[in-house]
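*Asks:* Protein sequences appear in the order of chains A and B. Going by the working numbering, the first sequence opens with residue 1, and the numbers climb by one from there. Going by the working numbering, the second sequence opens with residue 140, and the numbers climb by one from there.
No lab work stands behind these hints, which were simulated from the structure alone. Among the hints, erroneous ones may be present.
Straight line, CA to CA, 20 Å or less: simulated EDC-like cross-link-like pairs of lysine to aspartate or glutamate [said to hold, decoys possible]:
1) B:160 <-> A:101
2) A:17 <-> A:107
3) B:160 <-> B:227
4) B:259 <-> A:54
5) A:112 <-> A:101
6) B:160 <-> B:228
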Amino acid sequence: MARNPGRPLSPHLTIWKWGPHMLVSILHRVTGTANAIGGGVLLVWWLLALASGEAGYARFVDMMTSNGSGRLNWLPALILIGLTWTFIQHLCSGVRHLLLDTGAGYELKVNKSGAIATLFISVTLTALIWAVILFHGAS
Amino acid sequence: MGTGTSIGRVRGLGSAHEGAKHWWHQRLTAGSNLLLVTWLVVSLFRLPLWNYRALVLWLSSPWASVPLILAVISVFYHLRLGLQVVIEDYQHDFTRVIAIVLLNFYAIGGAALAIYAILKVAFQGAIA
């Protein structure tokens, strides 16, 4: 499988002007990887903490929140906000891919607006969800 | 099997007959993820409290623990398929084999730990 490094690679990554569809395409892969590793580890960690009993879960909550206010510490908050965005972006982009799989939406304008829509929805929903969590004190 | 170029060694052998199943399962689990993870997010936001007792009470119901187990299976299967493609695109030679083995450890190990934790909470919560 070794590639001969003496032979040229296709310049496919360098000769095109970047557009939203290219950004959303590579973001699908990046956000998917972030969800798979970040979201997966965090989900297993949270469930194991819950299964370890009341004292064990208290230690988990204590690590994530500040003692005084009970609010999320900045690092867990940053990670959770990031994962909320990567999750919604991957979800929207995934639904877009399912639609593209049917053969629809390849016209230049439709494809571009579809790509922009996934970014718009993911950023807006992330902001809304965290506004509710941080300012209405759902914790 | 000659020892020529990589394309020369596979030419004429036909497909490995695994690609279509991989492609289809990626999309099937995309659909089940969409349903199950949306359920999980909505279900968590509907809880009045997010403390230990509220979460244990929630998970002690089969209507929460069973969909959560299904979500874990669907998500970890989906991420295994997805990360496999990422690895195959960027890793070559023996590092690819190591990365795929590690990915399988992560996907199967992570899912097993999560399911164990859910069942432990579900069965204990029903007694307490």
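*Asks:* Hinted pair, alpha-carbon criterion (20 Å max): residue 259 (chain B), residue 54 (chain A). Please report holds or violated.
*Replies:* The hint holds at about 13 Å.
*Asks:* Would the hint linking residue 17 (chain A) and residue 107 (chain A) be met if the CA-CA limit is 20 Å?
*Replies:* holds (18 Å)
*Asks:* What's the verdict on residue 112 (chain A) and residue 101 (chain A), does the C-alpha distance respect the 20 Å limit or exceed it?
*Replies:* holds (16 Å)
*Asks:* Do the alpha carbons of residue 160 (chain B) and residue 227 (chain B) lie within 20 Å of each other, as the hint requires?
*Replies:* holds (17 Å)
*Asks:* When you check the alpha-carbon spacing of residue 160 (chain B) and residue 228 (chain B), does it fall within 20 Å?
*Replies:* Judged against 20 Å, a Cα distance of about 18 Å means the pair holds.
*Asks:* Is it true that the CA of residue 160 (chain B) sits at most 20 Å from the CA of residue 101 (chain A)?
*Replies:* holds (15 Å)
Of the hints listed earlier, there is not a single one the structure fails to meet.
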